[in-house]
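Number of protein chains: 2
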Amino acid sequence: METAETQIQKVENGSIITPKGFLAGGIHVGLHVSKKDLGILVSTTPASAAAVYTQNHFQAAPLKVTQNSIQEENKLQAIIVNSSNANACTGEQGLKDAYEMRNLTAKRLHIKEHFVAVASTGVIGQHLQMDKVTKGIEEVDYNSLLSGAKAFQEAILTTDTFIKGSCYQFEIEGKTVTIAGAAKGSGMIHPNMATMLGFITTDANVPSSLLQDALKEITDVTFNQITVDGDTSTNDMVVVMANGLAGHSLLSKDHADWNTFKEGLKLVCEDLAKQIARDGEGATKLIEVNVKGARTKKDANVIAKKIVGSSLVKTAVFGTDANWGRIVAAIGYSDAEVNPEGIEVYMGPYLMFKNGIPVPFSEEEVKSYLENEHIVITVLLTNGNEEGKAWGCDLTYDYVKINASYRT
Amino acid sequence: METAETQIQKVENGSIITPKGFLAGGIHVGLHVSKKDLGILVSTTPASAAAVYTQNHFQAAPLKVTQNSIQEENKLQAIIVNSSNANACTGEQGLKDAYEMRNLTAKRLHIKEHFVAVASTGVIGQHLQMDKVTKGIEEVDYNSLLSGAKAFQEAILTTDTFIKGSCYQFEIEGKTVTIAGAAKGSGMIHPNMATMLGFITTDANVPSSLLQDALKEITDVTFNQITVDGDTSTNDMVVVMANGLAGHSLLSKDHADWNTFKEGLKLVCEDLAKQIARDGEGATKLIEVNVKGARTKKDANVIAKKIVGSSLVKTAVFGTDANWGRIVAAIGYSDAEVNPEGIEVYMGPYLMFKNGIPVPFSEEEVKSYLENEHIVITVLLTNGNEEGKAWGCDLTYDYVKINASYRT
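Top to bottom, those sequences are chains L and G. Quick note on the numbering used here: the first sequence kicks off at 886 and runs consecutively. Quick note on the numbering used here: the second sequence kicks off at 886 and runs consecutively.
Please note that the accuracy of each hint is not assured.
Treat identical chains as interchangeable: a pair holds within one or across any two.
[To be verified] In silico DSS-like cross-links for lysine-lysine, where the CA-CA straight-line distance does not exceed 30 Å:
#1 1239 x 981
#2 920 x 1252
#3 1177 x 949
#4 1159 x 1286
#5 949 x 1239
#6 1239 x 1017
#7 1286 x 1252
#8 960 x 905
#9 1060 x 1138
#10 1182 x 895
#11 1035 x 1060
#12 1239 x 1182
These are calculated hints, taken from the structure and not from any lab test.
Put together the whole structure using the sequences plus the hints.
And the structure:
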């Protein structure tokens, strides 16, 4: 897929409404004191839909509703999202409320109920203030949705400190195809879609079954390879809508540009994933770990994630401490196959460990490197030829501060 | 084993030299600026030996030497321990140094080389200053070892803030049997013996094979059920020496008091494990999680450990925030079998979650409860009758502070 990538262009000012036929908006309905807290994303025509969900046993009510919607025809036309309240651990009333959000949105847009997906994020265990949500859905000005990507991106945030978006374009059969995404993240980010919402729009023409396969495969090496604190939330999901308005013929696995489409989707997902990792609660730095020479892709991914998830590595990066020993320890306690003797460990360009013993390096230079906002740790194994990446952030005083006082 | 426990008495002023025939001491040899950094523990006669080791792929040199010693005759008579330097990731020179520590100790004590175990803890990737270690082993005053338990306990510490010991007594065949232990812990504590050293002495008469079985079984529900930060070190081990000087007949699985012995060993291990968890880096509170009603013991242990290892639960306890939602989320992302509907969650005596929805409680009362130094979280499942426990600590500003500046 390396050659395909060169044809794919990043769209700097693109957003989830850059693909043809998408509208978005966000408003403040009062679930949060002041921030926008209700967002809506609409396709003007029914779109092929795919989604991945949290692996937490306690899936929140909106996830059940979204699954119910998609399984009907594998199509979606709208996603309604609220922040400030996760509608999780809210029992039958919570499920009723999530279905009511779906119902109200469908009525307002005059579309089928099962063309609406529902997403929520925020505090667990409190019932939604449905009067406010209802008023919001009924009163939102759909004429203003044309330029509302930023408002939507704001409305889905919780403790995030910046909005997260990504947009890429390429051509299929001479037609411009756009893939874009919006996401929210911050704390409780770990494997399996933890307190993270991702919404991806594209005007590509692709059947939902293929879209689902591609999303699952790409999620495993992007969203599922980020970690902030090792926790996994009850509410996370990534939803893709592909409405086909770019106008090329229907994609299949045999189509010459199928890999280009997949690479474009991967670029958007990886871009969003990195933004989420960088904005981990209290984070000051993005940490990227590259593992090469593993026996399997899975081994490479497991090791990369162990390193980036280690509290000791995270605090060392925060403190600009060239503590390669903690990286070695993290490699050592992963379940992956590792030949301890042949490993090389780098921070940025600096080799620090090789053949089972430390390599002399300039403490000053590495300390200076660790003051960057984007830290790359590279591990070379001698077990095979597979690679894997993971992203995370440093562990700081502010992480403790934010989470010691979140709810009350 | 409930009835056996009643015959077992805690010895408040007991230590690792309370069992008959053990000596211990600790001195400052200069690996650390000022703290005692070399400890020695001796049995006057060869003792049945058992040990468990870190599961980290990068086992440090001293662990290899200790394994080599024990496998010879399954007996030990002395353990030499240094702190400040882990002698890990130190290549062939490191292994040579660890063997040299063993050799010097054996010579000094006039015992067989393979009757000596070696343990190290501290910074990874630096060679031991063997001149200082050698001088220490050669010059330590063995006449003063009789009352040196406290000095030994101090010498094995790194970032620990207090010494850790435990001692229990019971009778077998009318003879008093004592089991005691010393440990060091603090950061990098998680499954599989992470930066943790435990030394257990007993005058019980027990074959090493049985001792090994009992130690393995008990470690899984005590030392391996504590977590501070999810990291696992390269150096951890627990070693038991049983010298038989209590004078009862040799224990076997059929002996009437075998369960009493095991329960005594478990009490010592659990006691040490809790002290290690309480003294996690930067910790202000011990968190104990009890899971009941699980389908298997393993499920119960997995869930208990997920909860106590959750950064979000740990910060909530630090901030005295009655955030039961984070406990529910942690239960949800464990791999264990869980029926989400029937779960009850308690903080101390306060029921907070039942039948999938929150139970009203007094925020003030729970907040006040969370100001205690020992917090108990209880989870009742409806999947079976098995139980499990885990111990950890809160996550605080000081954890970040200690680890952002440990090495440099």
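Hint-by-hint comparison with the structure:
Taking the closest pair of Cα atoms, residue 1239 and residue 981 come within 30 Å of each other only across two copies (19 Å); inside a single copy the shortest separation is 58 Å, beyond that limit. In this assembly of identical chains, the alpha carbons of residue 920 and residue 1252 lie at most 30 Å apart only when taken from different copies (28 Å versus 38 Å within one copy). For a Cα distance limit of 30 Å, the shortest separation of residue 1177 from residue 949 across copies, 28 Å, qualifies, whereas the shortest one inside one copy, 38 Å, does not. For the identical chains of this complex, residue 1159 and residue 1286 are neighbours both inside a copy (23 Å) and across copies (26 Å), given an alpha-carbon limit of 30 Å.
In this homomeric assembly, residue 949 and residue 1239 come within 30 Å of each other (Cα to Cα) only across copies, at 20 Å, whereas the closest approach inside a single copy is 49 Å. In the homo-oligomer, the alpha carbons of residue 1239 and residue 1017 lie at most 30 Å apart only across protomers (27 Å), although the nearest pairing inside one protomer, at 60 Å, exceeds that limit. Proximity of residue 1286 to residue 1252 under the C-alpha cut-off of 30 Å is found in both arrangements, the shortest distances being 26 Å within a copy and 17 Å between copies. Only within a single protomer do residue 960 and residue 905 lie at most 30 Å apart by alpha-carbon distance; the minimum there is 17 Å, versus 76 Å between protomers.
For the homomeric pair residue 1060 and residue 1138, the shortest alpha-carbon distance inside one copy (19 Å) is at most 30 Å, but the shortest distance between copies (78 Å) is not. Taking identical chains as interchangeable, the C-alpha atoms of residue 1182 and residue 895 lie at most 30 Å apart only when both belong to the same chain, with a minimum of 27 Å there against 52 Å between chains. In this assembly of identical chains, the alpha carbons of residue 1035 and residue 1060 lie at most 30 Å apart only when taken from the same copy (26 Å versus 78 Å across copies). Within a single copy, residue 1239 and residue 1182 get their C-alpha atoms as close as 22 Å, which meets the 30 Å cut-off; across copies the closest is 41 Å, which misses it.
Of the hints listed earlier, there is not a single one the structure fails to meet.
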